Amino acid sequence: MSPMRVTMRRTIGRLINRYSTMFIFAGFLAAAGALFAFNLSASEGSEVSLTAIWAVSASAFLPVLVALLGMDVWSGERDSGRIELLLSAPVREREYTLGKFLGVWLLALAAIAAFLFITLAAVSVFAPPLVAGLSFASFVPAMLALALQGMLWSALAVAVSALCRNSIVSAIASITLFAALPRVLWMALMEWAPQGRSVFGELPLDAHIYDMSLGLVSTGAIVGYIVFSIAALAMSSKFVFLLRLHGKGAKGQRALAVLAAALAAVLAVMVVTLAMRLGITLDLPSVSLRETRFSARTRNILAEARGEITITAFVSRKDPRFRPLSHFLRALADEATASGGARVQLRYVDPKWDLGAAGRLVRAGVAEESLVFERARRREVLPLANGYGERLCASAIMKVAMPPQRRSVYWTGGHGEVSFAQYGNWGMSDIARDLARDGYRNLSIDLAGEAQVPSDCALIVVAGPKDEFSRVEIGRLDAYLKQGGRLLVLLGAPRAGGLETMLSGWGMRPAAASLPAVRTLSGSDALVSDFGEHSISAALVGSQIVLEKPVAFMPSAAAQSADGADCIKFAPLASIGEVCVAALSERGGEAGKDLAIRPTRIVAIGDESFVMNGQLGARANANRDFFLNAVAYLSGTAAVAEEGGGGNKLVSGMDRAERARFAGVVTGGLPAVLLAVLLAFVCARRRRR
Amino acid sequence: MLEARDISFSYPGRRVLGGVSFSVAPGETVCVAGGNGAGKTTLLRILATLAVPDAGRIVFDGQDALIHQLRYRRQLGYMQEAPALYEEMTVKEYLVYRARLKGEPEKRIRRRIFEACEECGLAGIVKSPIAPLSAGQKKCVALADAVLLRPRVLLLDDFLAGMDRESRRRAGAILAAAASFSCVVATGHEIADLAAFAKRFLVLKGGTIAADIRADGIDGAEVARRVDAVLAGGCR
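Quick mapping for you: the protein sequence lines, in order, are chains A and B. Under the numbering used here, the residues of the first sequence are numbered 32 to 720, in order. Under the numbering used here, the residues of the second sequence are numbered 68 to 303, in order.
Just chain A, with the same shape it has in the complex (with noise of 0.2 Å):
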């Protein structure tokens, strides 16, 4: 057995042996108990996790217990004469140091798995809503934290302890060395220059706990809390061994060892300083954060959503909200991984640090302090400015990465039709390539030998036809759509292909143009410029469209005529004055709380020649996005379930009264159960002997 095994073997063994060390114990559950009650009552409804919680309870009292523990380690050695014994023998001093260090350090961490013990008890029958879904692996990275923290006060309690002789004045030395005194500088660092909060956040100490607890791992926080905790340990050896050199002859050993010690501590900062400053912020993969509830809407957009999603966070790590939406991102990847949707991948890029990452989205258009959302060629930005909740989040990622339900794209023909498959000016191949590219299967349908509509068909699109559709053909077109069918037409004229009568049906009536003074290109085009506020035509908002002499869309009787699942909505995507030349027509939209439910969806674009491959090749326009949108949004998934559930919300479900006895359990009961058992334990071992 190695003399550090057998140090920290007696210095346990020492300490459990003490009716003294079992109050302290308590002492500690019943303090962190009582404020972890106190945090529960404090963010009930608030959007926190009940493992920071935790953590940050424990972490607040883990310097007293340590300081108290590891008092007299070496103080007491020195106190009784024993430090000459100890001193006699073959062991180094690191290896009676490392020992100590780890006595103290496991007595601590027993003590914090106590604490886990008793408060995971006391809430799962107070508040079992907290604890559904939560495992003891939901608290690994909360231990971690407080296992680091409790490893850095360890090794520093050690070091004070030897340099004392009295175990008294190495308690308040220790507890004032990094329980008081790193609070009371932070204190009066934010009296006297109050912005510093927005830039640093909250004490380093505390903000470590947060994180990590959230599992939120920082390298250089980790390499931090290492190398201080080795630091302390080597100038701990260096004390020890200055209790040889009493001599005056020793003057240069002290000197070298005062030193060496002094050196270790610059070396710890400025290694510290370095990890710091390369520190990586990194997300501990196997950590459960299930306790976050989402909507019933972002649960099955995301069980939806397919292939993997990236999504970056551009912003400062010291931003204030870099923390909160690290969590919430965190979460919305755990509840992909479980729902079996996409995998998400989190990026964090801090614009002045990561410089390369920070400039590659720069020229991608993206903007400091914003969310961006990746998935094949798909990007959508959020900017955090406009908020980053789930409901915007859930949206960002149906729009990337939400694969149609229905993946063919049927395109009608036999009447004149703008074909799909057509290379050159007037063909439409570019924007089917498009589509085939987003994973949409681009097939023709003649609707007068079909039957019906076949069952994967995502969408019909009619572009341009110029003879009319047969009764036969509008009534099975129509038959589709009151099925919750969606349809994308190409007009070139009002009347073109006779369907004007069944758009009308639907909400919408085309009609021909009167455009006031127009934007023009060629002299015959029209440009436009102004976009309805939908998620189709929104994002296109400063770009332009370019139509070719335009048809115009008016709302119909039917709009707005019934009410329910019945109502038809109609809403202008882009419009030349008054003029509407793109518009949507919607039933059922409303009534989208029914999973049953698929509304009917129509857009209309004023053009035939909308997305030629003419059009698109020569001019300069937002024709293809205006035209994808429209697609995606007609066969994505819209028939999902109104916003519910608790959200991410701590919830206890408690009342007045069982909030005070689940704070007199936590504080009172359940440590004294425990100091009585611990008690009874000491008391059984002196009397054997």
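Here are the computed distance ranges between Cβ atoms for each label pair:
| no. | chain 1 | residue 1 | chain 2 | residue 2 | range |
| --- | --- | --- | --- | --- | --- |
| 1 | A | TYR50 | B | ASP231 | 33 to 43 Å |
| 2 | A | LEU287 | B | GLY104 | 22 to 32 Å |
| 3 | B | GLY287 | A | TYR50 | 47 to 57 Å |
| 4 | A | LEU294 | B | GLY284 | 53 to 63 Å |
Below, a sample of chain B positions facing chain A; criterion: calculated Cβ distance under 8 Å:
| no. | residue |
| --- | --- |
| 5 | PHE76 |
| 6 | PRO79 |
| 7 | GLU173 |
Worth flagging that the hints you see were computed from the coordinates, not collected in a lab. A quick note: this is a predicted structure, and the numbers were derived from the prediction, not measured. The C-beta atom is built at its ideal place from N, Cα and C for all residues, glycine as well.
Keeping the supplied structure of chain A fixed, place chain B upon it in accordance with the hints.
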């Protein structure tokens, strides 16, 4: 062979030892005598590497003990003037702890403890806690600790103080046994008793060795008289 060569030591403002030199052969027991504050304990602490001399060397088996401290301490048994023990432990637990700390293999620890307890008269109290033991018994526990691993250098500081006659007799026997494999350096004021097993007395006075008295064939009272004479008069 243990050698002290020109050992000097001083606290700020006070010189304790000035050029102390002597050697102890294996199997030899040397007793350091002197008045209070003569530097006996300091000398033993230096020999135990618990203090660094201002000047001089400690050589053991031809190697500088202050440079190869760890190797030297593996051969060392040291007993303090006022033994500080872990009082909450039993005698056995304490000796097991000390044996493990000194790196003794687990399989030998049991036998070592049994032998040491037998020699030191601790067999009856081996499972007793240390706290309630008398001062003499605690000395015996400390002595058992010092001789536990049969060290080649045995340093005993005022080890007879507080022991009753029976314990002194046992201590003498232990020392006689230890002297067969160790260089023994002991200090104390009980010269007559020490003369029963120490064959050589070094009298410390004024920080130097004032006399090196061979006690072969001389009874304890005579040795004590000579030591007292040196301390009183100063003749070597």
